[in-house]
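Student: Each chain, written out:
There are 2 protein chains.
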Amino acid sequence: MINKLVSKIQKTNAPVVVGLDPMLAYVPEHITKAAFAEYGETLEGAAEAIWQYNKGIVDNIYDLIPAVKPQIAMYEQFGIPGMIAFKKTVDYCKEKDLVVIGDVKRGDIGSTSAAYAVGHLGKVQVGSKAYAGFDEDFATVNPYLGSDGIKPFIDVCKENNKGIFVLVKTSNPSSGEFQDRLIDGRPLYEHVGEQVAKWGEEHMGDSYSYVGAVVGATYPEMGKVLRKVMPKSFILVPGYGAQGGTAEGLRPYFNEDGLGAIVNSSRGIIAAYKQEKYSQFGPENYADASRQATIDMIEDIASIF
Amino acid sequence: MINKLVSKIQKTNAPVVVGLDPMLAYVPEHITKAAFAEYGETLEGAAEAIWQYNKGIVDNIYDLIPAVKPQIAMYEQFGIPGMIAFKKTVDYCKEKDLVVIGDVKRGDIGSTSAAYAVGHLGKVQVGSKAYAGFDEDFATVNPYLGSDGIKPFIDVCKENNKGIFVLVKTSNPSSGEFQDRLIDGRPLYEHVGEQVAKWGEEHMGDSYSYVGAVVGATYPEMGKVLRKVMPKSFILVPGYGAQGGTAEGLRPYFNEDGLGAIVNSSRGIIAAYKQEKYSQFGPENYADASRQATIDMIEDIASIF
Numbered sequence: 000m001i002n003k004l005v006s007k008i009q010k011t012n013a014p015v016v017v018g019l020d021p022m023l024a025y026v027p028e029h030i031t032k033a034a035f036a037e038y039g040e041t042l043e044g045a046a047e048a049i050w051q052y053n054k055g056i057v058d059n060i061y062d063l064i065p066a067v068k069p070q071i072a073m074y075e076q077f078g079i080p081g082m083i084a085f086k087k088t089v090d091y092c093k094e095k096d097l098v099v100i101g102d103v104k105r106g107d108i109g110s111t112s113a114a115y116a117v118g119h120l121g122k123v124q125v126g127s128k129a130y131a132g133f134d135e136d137f138a139t140v141n142p143y144l145g146s147d148g149i150k151p152f153i154d155v156c157k158e159n160n161k162g163i164f165v166l167v168k169t170s171n172p173s174s175g176e177f178q179d180r181l182i183d184g185r186p187l188y189e190h191v192g193e194q195v196a197k198w199g200e201e202h203m204g205d206s207y208s209y210v211g212a213v214v215g216a217t218y219p220e221m222g223k224v225l226r227k228v229m230p231k232s233f234i235l236v237p238g239y240g241a242q243g244g245t246a247e248g249l250r251p252y253f254n255e256d257g258l259g260a261i262v263n264s265s266r267g268i269i270a271a272y273k274q275e276k277y278s279q280f281g282p283e284n285y286a287d288a289s290r291q292a293t294i295d296m297i298e299d300i301a302s303i304f
Numbered sequence: 000m001i002n003k004l005v006s007k008i009q010k011t012n013a014p015v016v017v018g019l020d021p022m023l024a025y026v027p028e029h030i031t032k033a034a035f036a037e038y039g040e041t042l043e044g045a046a047e048a049i050w051q052y053n054k055g056i057v058d059n060i061y062d063l064i065p066a067v068k069p070q071i072a073m074y075e076q077f078g079i080p081g082m083i084a085f086k087k088t089v090d091y092c093k094e095k096d097l098v099v100i101g102d103v104k105r106g107d108i109g110s111t112s113a114a115y116a117v118g119h120l121g122k123v124q125v126g127s128k129a130y131a132g133f134d135e136d137f138a139t140v141n142p143y144l145g146s147d148g149i150k151p152f153i154d155v156c157k158e159n160n161k162g163i164f165v166l167v168k169t170s171n172p173s174s175g176e177f178q179d180r181l182i183d184g185r186p187l188y189e190h191v192g193e194q195v196a197k198w199g200e201e202h203m204g205d206s207y208s209y210v211g212a213v214v215g216a217t218y219p220e221m222g223k224v225l226r227k228v229m230p231k232s233f234i235l236v237p238g239y240g241a242q243g244g245t246a247e248g249l250r251p252y253f254n255e256d257g258l259g260a261i262v263n264s265s266r267g268i269i270a271a272y273k274q275e276k277y278s279q280f281g282p283e284n285y286a287d288a289s290r291q292a293t294i295d296m297i298e299d300i301a302s303i304f
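Chains V and P, in that order, are what the protein sequence lines are.
For the first sequence, the residue numbers in numbering that gives the first Met the number 0 are 0 to 304.
For the second sequence, the residue numbers in numbering that gives the first Met the number 0 are 0 to 304.
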């Protein structure tokens, strides 16, 4: 799957992933109206609205980009109907041949971590049959519990040709509270990055590992260091655009080969029609606004090479 | 909700929580057989099996204990049908007046953390209506992302009289990889514990905070230190029994008032019938074995006071 991600990035010339993090407040009125008309103002109605909203965006951008990253929290908040909308979104994106990174930030230990891995990346055994629960291509994973939490994911990834991105340095303002604290003279995120590099050796693709890292666009100096600490790990970079990360700041996240990083934008793409820059599209044509914003983002990032 | 937890612990005289972490391998054959007969060897069949298994256990132990802790990964691995079984389990335990701690170990930032909080502990707005998605009483939360990840949970907890348990020192062998590393001469888990105490001040119950901590039973020396660092935080203690934690080692997790900790056992209770000690019950009477194991655990823990 890491090989597929690399080849799709090369084909599209776009180291870009679009975050499908729908909030009801982003969904244009004509969509919520239709969904509520069918299902009422219910969890089912909300789930239908975000699914239709996603579908419109995916239909308009799937040819431009290699991957999408649905944020499961935005679906999970709507309970079971929300989880169904998540699954529909994952399945639909895979039909469109997009690589799907499940932004699930799961993390536990032993058999519990294995259960998360199986649910999101593998197949669960039921009697003589085996089924995929959510079936993303990659999942994001939290490292706080150490190797006991990560290795079960790697085992499942090996069996299923899937991958993970481990949180190393997150994009938020308070990420430094623990991640930046110095241990033997170096910040915690560097120690986590070193482990990511080690874990990654256990499951290598052709040029990159199936074990990647999440490093926020908002900390380019740290990105530079982490790039060297984990040369074979793909870096998933959130925080571009809405969170303040700039294209110029992204260069250090990439290797000399122009690969090694994939930059996420969520709100900046999916709610583009709400920005002044794209307001001429109007809510009815929100998906066209998303397409234009995607093209602009790809150009912006291409400008750094 | 922390007040309810405290009063239920006092009433049952049992600082004990039973982990509802069903694995298909634990479920007695008569239950899986019936479930597969109705739904086939499908995700629905597996979900029905774990739900019936849970129900049998809860019916037999609900009067003995204050709380249960369903581990969502064990449900999530069965996809949507598994999530439905999770929800049914949560709802059923609440009907039985048990406090439900959702062991979800979620953690993200800002609006994403808020979405998790709303989905598990609050209500989501859909037009003019508001709905609870999963509606546990407490949730476990991962601290790696710092205050940006925790505060949205606290906000939702305040609105809904709910609480969280933040991972501080986990019970697994490799938990020390990052958690034990020294920062300014003290391990990371102590720094996290200090933050838990601070976060906890924002949402206090009568005698304890709505912001608790997870500290594994397998590290009693660390439990002793953390008890002092977070005097007002309830400690959720996994790792008793199957993972090697002993009753003797649990004393430091409690305050002088005999409160302040709640000890989890999962496998040791729910799969008790598989232990030699309870094998006389047989698979048909697995829930009676769980009841006896619960009584034994309560006695074992009472012995330390």
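These are calculated hints, taken from the structure and not from any lab test.
There's no promise every hint is true.
Since copy identity is lost for identical chains, a pair holds within one copy or between any two.
List time: in silico DSS-like cross-link candidates among lysine-lysine, alpha-carbon distance up to 30 Å [stated by the list, open to error]:
(1) K54 / K122
(2) K86 / K223
(3) K227 / K32
(4) K95 / K223
(5) K54 / K273
(6) K231 / K128
(7) K122 / K227
(8) K273 / K32
(9) K122 / K223
(10) K276 / K157
(11) K122 / K86
(12) K93 / K3
(13) K93 / K223
(14) K128 / K227
(15) K276 / K197
(16) K122 / K273
(17) K7 / K32
(18) K3 / K276
(19) K128 / K32
(20) K150 / K273
Student: Against each hint, give a clear statement of whether it holds in the structure.
Tutor: Here's how the hints hold up against the structure:
Taking the shortest alpha-carbon separations for K54 and K122, both the intra-copy value of 26 Å and the inter-copy value of 26 Å come in at or below 30 Å. Taking CA atoms no more than 30 Å apart as the test, K86 paired with K223 passes in neither setting, with 35 Å inside one copy and 44 Å between copies. Neither within a single protomer nor between protomers do K227 and K32 lie at most 30 Å apart by alpha-carbon distance, with minima of 50 Å and 54 Å respectively. In this assembly of identical chains, K95 and K223 lie within 30 Å of each other by CA distance neither inside one copy nor across copies; the values are 34 Å within and 54 Å between.
Taking the closest pair of Cα atoms, K54 and K273 come within 30 Å of each other only inside a single copy of the chain (18 Å); across copies the shortest separation is 48 Å, beyond that limit. Taking the shortest Cα distances, K231 and K128 never come within 30 Å of each other, neither inside one copy (36 Å) nor across copies (48 Å). Taking CA atoms no more than 30 Å apart as the test, K122 paired with K227 passes in neither setting, with 34 Å inside one copy and 44 Å between copies. For the identical chains of this complex, K273 and K32 are intra-copy neighbours only, at 18 Å inside a copy versus 54 Å across copies, given an alpha-carbon limit of 30 Å.
In this homomeric assembly, K122 and K223 never come within 30 Å of each other (Cα to Cα): the closest approach is 37 Å inside a single copy and 41 Å across copies. Proximity of K276 to K157 under the C-alpha cut-off of 30 Å is found in neither arrangement, the shortest distances being 44 Å within a copy and 38 Å between copies. For the homomeric pair K122 and K86, the shortest alpha-carbon distances inside one copy (15 Å) and between copies (22 Å) are both at most 30 Å. When the C-alpha separation of K93 and K3 is checked against a cutoff of 30 Å, the pair qualifies only within one copy, where the shortest distance is 12 Å, while the shortest distance between copies is 46 Å.
For the identical chains of this complex, K93 and K223 are neighbours neither inside a copy (32 Å) nor across copies (50 Å), given an alpha-carbon limit of 30 Å. In this assembly of identical chains, K128 and K227 lie within 30 Å of each other by CA distance neither inside one copy nor across copies; the values are 44 Å within and 50 Å between. Neither within a single protomer nor between protomers do K276 and K197 lie at most 30 Å apart by alpha-carbon distance, with minima of 44 Å and 42 Å respectively. With identical chains, the CA atoms of K122 and K273 are at most 30 Å apart between copies only, with a shortest distance of 26 Å across copies and 40 Å within one.
In this homomeric assembly, K7 and K32 never come within 30 Å of each other (Cα to Cα): the closest approach is 36 Å inside a single copy and 45 Å across copies. Taking CA atoms no more than 30 Å apart as the test, K3 paired with K276 passes in neither setting, with 33 Å inside one copy and 52 Å between copies. Proximity of K128 to K32 under the C-alpha cut-off of 30 Å is restricted to the inter-copy arrangement: shortest distance 14 Å between copies versus 41 Å within a copy. Taking the shortest Cα distances, K150 and K273 sit within 30 Å of each other only across copies (27 Å), while inside one copy they are farther apart (42 Å).
In summary, the structure is inconsistent with hints 2, 3, 4, 6, 7, 9, 10, 13, 14, 15, 17 and 18 from the numbered list given earlier, while agreeing with the others.
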